[in-house]
Amino acid sequence: MFETFTAAHPTLFSWVILPILIFCARTTDMGLSTLRIVFIAQGRKMLAPLVGFFESLIWLFVIGQVIKHLDNPACLLAYAGGFACGNVVGLTIDRRLAIGRQVIRVIAREGIEPLVAAVKEADFGFTLVDGHGATGPVKILFTVARRRDVPRLVAMVEELVPKAFYSIEDVRQAAEGVFPPAQGLADLGRWRMWEALRKSR
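Quick note on numbering: the sequence shown equals residues 273 to 473 in my numbering.
Think of the hints as simulated: they come from the structure by calculation, not from any bench.
Possibly wrong hints are sitting among the right ones.
Here are the simulated lysine-lysine pairs, DSS-like style, with alpha carbons at most 27 Å apart [said to hold, decoys possible]: (1) 340 to 317; (2) 411 to 435; (3) 435 to 392.
Starting from the given sequences, assemble the full structure and let the hints guide the process.
Structure, rendered in structure tokens:
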């Protein structure tokens, strides 16, 4: 059936349908590639090869079609456009999934006690140490959290210690530690759907 359609509408297939297929496949391929790089950086030995397997399969299809139609500029533009769009898609998916952990470092000269109390009440583990900065003594708070919880911690810092300096870094591996109870997948999905709907209003 597909071959019959392409034979009956060669121009439509070559200049519209095929470029759309190449664009979508290349977008998917690059989205998976971006995720694979993120998983490698996080040391996820199972996810990275699995994603790479499907990424390679899609890439072989795409590059095969492009080579067969090098004289078709629409296919070349679709390939390049899919490459660009795929990076955005991959980063968006990574941000939505929020896989992994990050360390938040907060440095404040004064007034960090309310933040310490809020972090403790929210069941986050933390370490509070004394330090010395360029302008004098400071308090340094360290806490490791799941990436999905980091926005909540940042909101606490900005509300309770607005003048504090804070930085966020990825954690490749963490053992033990104190973390808030994880939400169930169903509850988490409903919560994220509600947040997306609320922000779109």
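Hint by hint, here is what the structure shows:
1. Distance restraint check for residue 340 and residue 317: the Cα-Cα separation of roughly 35 Å exceeds the 27 Å cut-off, and the hinted pair is therefore not satisfied.
2. For the suggested pair residue 411 and residue 435, the alpha carbons sit about 13 Å apart, so the restraint of at most 27 Å is met.
3. Between the alpha carbons of residue 435 and residue 392 the distance comes to roughly 20 Å, so the proposed pair stays at or under 27 Å and holds.
When held up to the earlier numbered hints, the structure conflicts with hint 1 and nothing else.
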